[in-house]
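*Asks:* Residue numbers (our numbering), protein chains in the order written: chain Y, 1 to 564; chain E, 1 to 443; chain Z, 1 to 374; chain A, 1 to 246.
Among these hints, one or two may not hold up.
Subject to a maximum C-alpha distance of 27 Å in a straight line, what follows is the list of computed DSS-like cross-link-like pairs (lysine-lysine) [what the hints assert, rightly or not]:
1) E:K351 x Z:K113
2) E:K73 x E:K230
3) Y:K196 x E:K238
4) Y:K264 x E:K238
5) E:K203 x E:K237
6) Y:K319 x E:K435
7) Z:K189 x E:K108
8) Y:K90 x E:K285
9) Z:K113 x E:K434
10) Z:K189 x Z:K113
11) Z:K189 x E:K203
12) E:K230 x Y:K196
13) E:K230 x Y:K264
14) Z:K189 x E:K201
15) E:K237 x Y:K196
16) Y:K319 x E:K285
17) Z:K189 x E:K285
18) Y:K319 x E:K317
19) Y:K264 x E:K237
20) Z:K113 x E:K435
21) E:K435 x E:K73
The set of hints was computed from the structure by calculation and includes no laboratory data.
Because the structure is a prediction, the values reported are computed rather than measured.
If you want the building blocks of each chain, they are given just below.
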Amino acid sequence: MRDIRWRLALATIILTASGYMAVSPVQAQTDTPSAIQRQADQPAAPAPVVAVTPAPDAYSGLASTHFDVIAASIAQIGSQETPQAHDTLKALASHHLFAGNDGHALYIHDGDGWRDVRTGIPASPDPNQVHPVRVNNRVRLALAEVQAGQALVTGTPAQRLAAASRLAEHPDPALLLLVDHALDTSHDAALDATLKRAKAAIILSPGAPVSNPATLLAAVASLRAQGGLTSRAVLAGFAGNETAPTQARDAARHAMASIDRREKIWALGQQAFYGLSLGSVLLLVAMGLAITFGVMGVINMAHGELVMLGAYTTYLVQKGVLAVAPGLSGFTLVLAAPAAFVVCSAIGVLIERSLIRFLYGRPLETLLATWGLSLIIQQAVRSVFGSTNVAVSTPGWLSGAFQLGGMTITMNRLAIMLFAAAVMVALMLVLRRTALGLEMRAVTQNRRMATLMGIRTARVDALTFALGSGVAGLAGVAVSQIDNVSPNLGQGYIIDSFLVVVFGGVGNLWGTLAAAMTLGIGGKTLEPLLGAVSGKILLLVLVIVFIQRCPRGMFPLRGRGIES
Amino acid sequence: MTDPTMCVSRRDFARFSLAASAAMLVGGKTARAAAPTGEPIRIGVLHSLSGTMAISETTLKDVILMLVDLQNKKGGVGGRPLEAVVVDPASNWPLYTEKARQLLAVDKVAAVFGCWTSVSRKAVLPVFEELNGILFYPVQYEGQECSRNVFYMGAAPNQQAIPAVDYLLGEDGGSARRFALIGTDYVYPRTTNQILQAYLKQKGIADADVMVSYMPFGQSDWQTTVSQIKAFGSAGKKTAVISTINGDANVPFYKELGAQGIAATDIPVMAFSVGEEELAGMDTKPLVGQLAAWNYFESIDTPANKAFINAWHTFTKSPKRVTNDPMEAHYIGFNLWVQAVEKTGTTDHDKVIAAMVGLKQPNLTGGIAEVLPNHHITKPVYIGEIQDDGQFNVVWQTPQEIPAQAWSPYVPETRNLTGDWRAPISCGNYDTAKKACLGTRHA
Amino acid sequence: MTAGFGFRNVPRIACMVVIVAGFLSLGSLLPDSNPLSVSPFIVTLVGKYLAYAMLAVAVDLVWGFAGILTLGHAAFFALGGYAMGMYLTREIGTRGVYGNPDLPDFMVFLSWKSLPWYWWGSNHILMAIVLVFLVPGILAGLFGWLAFRSRVSGVYLSIVTQALTYALMLAFFQNGLGFGGNNGLTDFKDILGFDLHSQTTRATMLVFSALLLAGTMIGARWLVSGRFGRLLIAVRDAESRTRFLGYRPEQVKLLVWVVSAMIAALGGALYVIQVGIINPGEFAPANSIESVIWVAVGGRGTICGAVIGAVLVNFGKTLLTAWLPEAWLYGLGLLFILTTLFLPEGLMGLGHQVMRRRAEVTPEVTQTEGDAES
Amino acid sequence: MNASPLLELRNVSVSFDGFRAINDLSLSLQPGEMRAIIGPNGAGKTTMMDIITGKTRPDTGIVRFEGRDLTRLDEPAIARLGIGRKFQKPTVFEALSVRDNLLLSLKGLRSPFSLLFAKKTEVETFRIRALLETTRLAARAEEQAGSLSHGQKQWLEIGMLLGQEPQLLLVDEPVAGMTDAETMATADLLRDINRTRSVVVVEHDMEFVRALNVSVTVLHEGSVLAEGPLDEVSADPRVIDVYLGR
């Protein structure tokens, strides 16, 4: 734990520099001089081109090619409460910091000008003689630590709270002093609670200063009450630390067991969420098929390609928005959904008028023709967009996750669930409450009669197919957020969609919903038990057996009119 | 047979089969005219242009076309122009067999550049051995193979996987002590993980600290796996993921990682099959710091690489097309073959194969690729971190090139095996303990 | 429709298949200089087509004559292939890369210590032949018994067959199953001691395949042309009516289904021998759909059409993937669309129409065919 | 005393999705009897036939044929017991010739394996010729059944019914779509058949029912409303109500 020592030193330095240092803890003090000494002894030593350069300072480490030296240098700079130190770290975080190949010179290059880091004077280095300061995860961690430490002491209340939360998640013994100090000066209840959590985590972390058993037990109890995987990780580390008191370690073990029990219960909820979200994806991709296949009886093998076209529409809309109105980039998906619906509906009308309408009453031949069509669409997309993936980005408000108790709810999945529900409701309304829906049902139930009643069946057919295709396009928008957008996208969903529609009962949207959710939750329940592959196989076998028992799916249409 | 109702007359059928044979003999489409005179030398390009593998392989076809183009502008090979015969095996493994046979038997190509997946290579291997062809295989793979007729231009496990694990174990990589090996269920991840498990054990990592999980091809729902990784990472030890997930499934995997908020600074993911091409389809902002191990990165700044990238952009007429590791492998392979043909003055397969061992070709990123007796090459290893612009930033590299081991010393069955296609051993799987060649050896 | 044109000519086409295969085989044994010499490449290619044709006949039996649209027949094809592949794998013996006399290479490399039980006896050709028919037969029997008994029909059945082959594909992709995972079985050396790579073996296999195909065609025709065949048509067109006549249509379908599965499996076995590789990709639902398309292109319910469709479509694929590697899917897709739109009865139907037109000018043809579609 | 009835339905009920199609229906038929069943649309006539032939399983009640419980048997088993059925919409095997349609109907081989190797016997040829005569289809024997006119299809189906040699024929609207002359000829044919077999006829055409001259059962809302000779029944005020509507 060599790292710890200089980081402890860092904490002391921050406090001293900020004029906050009240007590100097003995533990820290003992290590400090040697640690600082070591820092000083390490002036970019491995840099190969050490010419006659100015005396190394805290900054020169940044020009090193070695990550440990860079990280150490960051810690040192972080301890200096000067504007130039602040600027330097900020430039480093945003890739604007450059180092001379001599292992000493440092420049900030933001916008077009170059500036010397140490003096702030504009400079004009030879672009071939500088390189960006090397950054890797280790450097990033060091930077985040320093910035958290600074924020804890000098930040706004919001920054302090954020820094405290970060510390609770990433306990760092080096910052114990800062936490203690913050606790002394904190008057905000929320910050206080977070800091206490952070302190408990730090006390139990490896490399923390030795505490008395009572403190340790209190910390264990605090983490136990807190729960969650981070607490568990800290407790596990502590329980494995053989130098710690046995009693506290036992308590930690019990706390872990307690957390594990709670996690198990939360895991059920988590699994249900995963299942529902998988079910929602299945529902979305199957809903369009439930219309074209379920209602119209067209075995549309190009359904997956319509989903794919929906995803590509999303891509184009994003590209268009970025080019025309970059300010709206957060709302591309809101724009993409209607666009995908319109594009895919239009393509649907085209397919229906030019192909499907000649094949009514020959459902199996629609299978062959639409299979051919799917090949053509795939290849066309490949010719236009290339065979590689295209990048569809996720807007900020859809990325990330939030905690709901012990569950992680990912925003994009949640959005897809809500989206699926909305599409389902809209579809129901269209089918039940609109003239088109009525005509659609009339035509599917008795085409001749519908014609006699003056319904223009050709128009209804085209519109029905357009609706199904449009919904497929909407599914494409959703899928673009979680999957590859490539010409092969559709192929991955076609089998599942058919399975969902058939499993639910052809011609019944509620059945499609029930089937999608059953398959989603079933799949996600079996996955941790049997593994993804075996789980899926078992699910398929169960569906096959189920259909043998109930040959018309979960919600069969019944009545006299339905003949085999 | 005078029945007028007969569906196809015998004469028609004969005509049909004649047409068929004629068509066969004409063979595949030939690409772009050549400047140099003399009888053209044909080379085959066996990459899927449709189906699931098109996403990766189409680019490699373009690279070969570009290399042929450049070579012809330089005057061809030995004064003869090159001509690329492109076929589409459509991501269908038996079709690879058929197309390989067509290239060798009908088009009589001097060499074939092709295949991506292990199964496609395994599918064509018997054809190449039977018809004594030459295949340049450009992709990193699981090793455990050493054919006389194949030149392996991609990394063997010791040229990618082992250095990558070393990095994760080291301080710069975060001193990981717990490893989740996540892969697609096929031979490359299985073998690589087998080797890595043996290696980790040797490095003192307990079995309980290694988790292995395989997912099916094209897996698009990674929620459960990612949450399992999170739980696995909560044991109080620095945890890292080693991903051998196959190309396609990576995008949804990384999207899920980003969504569930696993940052590279918490649990780094080291991938062996994620390159610039895969990243091109992703928003990499949530992925900054995630790792990949390769023998080439587009971002490596050398004059040769710059020239290659420029040529590529000019050839594809698109400044956005990225370059990646298998492309460099084709570049190396192509140039080695050109050298061999020019050295021997013939395209005769036996002579070219014999001349290959020992040839040297500078890498695009510096250093030299040398053809080893086991038909693999020496390669530098780089570890890159994903940047927010979709490129990799090299954070570590081997001090010098590493020679490939075709047979892994970490797999008990192959500990003693070695490949050496020079006389007198002339065997791909020579058992150094028994001093005998297992299986067939070339006469 | 049954008395249609492609159906009546089954013996003729069967003979033709054998004759052409015979010529090609002989031609391939001639030296290159001979003008009649045939490239060995064509021999393996035609061998593959014939195996596919066998699959097409199997699909035609159930789809064309029993009205069961199967989207999973490639599963039986692949199972037959695996059964034969197991035997061929064992024939490799010590010539694998690890030189292990008992275990195939992929097992050695997964560190397996002994053969799993289901590989027992796979080193005997007789066992292989039994397995080729038995495994798909039993699976088809079980599946068909359940499905037909509970009257699963139409698209439901189609989708369930697709689910079956998809499940099998996922299963065979798993390395743990003991069939080589994604790589499947490959790098075969011998069959019955004959070198698989020798030209004579190849030529013999081609003739052998042609004979088996011809036999299958004639057998299939016999199966569907007697009183059983009439019942089959009756079941296809009005299944419930046959019940009220006292027949059990599920038994009728089951019989054809199992026979068809076995034919497909035989095709798969021949395929593996000639193509030299079998892997889970063969279970892909797309393969099953393609086999249905061959039948549709050739002409459903005609047997001859199935064979011709399989050969033509695959031949087209071979040509186009070489000529237009970047655009061949357009051609193939268009072929399927145009066939369904303009040739609803496939090429055989086209032949039929041409013949009818000719018949209108030739007065001695008295019999007029009724239109099956009402 | 009456001998035990040939067909007996006692307190049979069946409902679909809450709708009672058959409601406590009881009916019995003596050997050799012919019975006409009439009733408005939705009275449950076809459902009753479905129950007898095993297509629909009753929720409650007893169905017996020659004392055997039919509710446990499926359609083929019931058909083999000797109950033949003609559907409302003529269903013949349209892709097969008239002769083949009759051939398949002939009593005898039923297992698929036995059919595989079956040869047409002299007796069968003779029977088919007789059936062709009866149904007046001899001239069209080789044509596909699909090309027959609607009336001819009805007759072919009756021919197939006879080929089965059933003890009981269930005939659903046999004269729908027939000319008057055909209707009368059909009535003659059924009376002729009735000499050797029991017959249940469901029909709307009152002229036809009158021509049959048999006792009539009126169904309404799934149960028997009235039973007796046609004149008697048609005078029943309840029946008049049902037919004319209130």
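*Asks:* State for each hint whether it applies.
*Replies:* Verification of the supplied hints:
no.: 1; hint: E:K351 x Z:K113; result: 41 Å, violated
no.: 2; hint: E:K73 x E:K230; result: 54 Å, violated
no.: 3; hint: Y:K196 x E:K238; result: 24 Å, holds
no.: 4; hint: Y:K264 x E:K238; result: 23 Å, holds
no.: 5; hint: E:K203 x E:K237; result: 16 Å, holds
no.: 6; hint: Y:K319 x E:K435; result: 63 Å, violated
no.: 7; hint: Z:K189 x E:K108; result: 24 Å, holds
no.: 8; hint: Y:K90 x E:K285; result: 18 Å, holds
no.: 9; hint: Z:K113 x E:K434; result: 21 Å, holds
no.: 10; hint: Z:K189 x Z:K113; result: 23 Å, holds
no.: 11; hint: Z:K189 x E:K203; result: 41 Å, violated
no.: 12; hint: E:K230 x Y:K196; result: 24 Å, holds
no.: 13; hint: E:K230 x Y:K264; result: 14 Å, holds
no.: 14; hint: Z:K189 x E:K201; result: 38 Å, violated
no.: 15; hint: E:K237 x Y:K196; result: 23 Å, holds
no.: 16; hint: Y:K319 x E:K285; result: 17 Å, holds
no.: 17; hint: Z:K189 x E:K285; result: 51 Å, violated
no.: 18; hint: Y:K319 x E:K317; result: 20 Å, holds
no.: 19; hint: Y:K264 x E:K237; result: 21 Å, holds
no.: 20; hint: Z:K113 x E:K435; result: 24 Å, holds
no.: 21; hint: E:K435 x E:K73; result: 48 Å, violated
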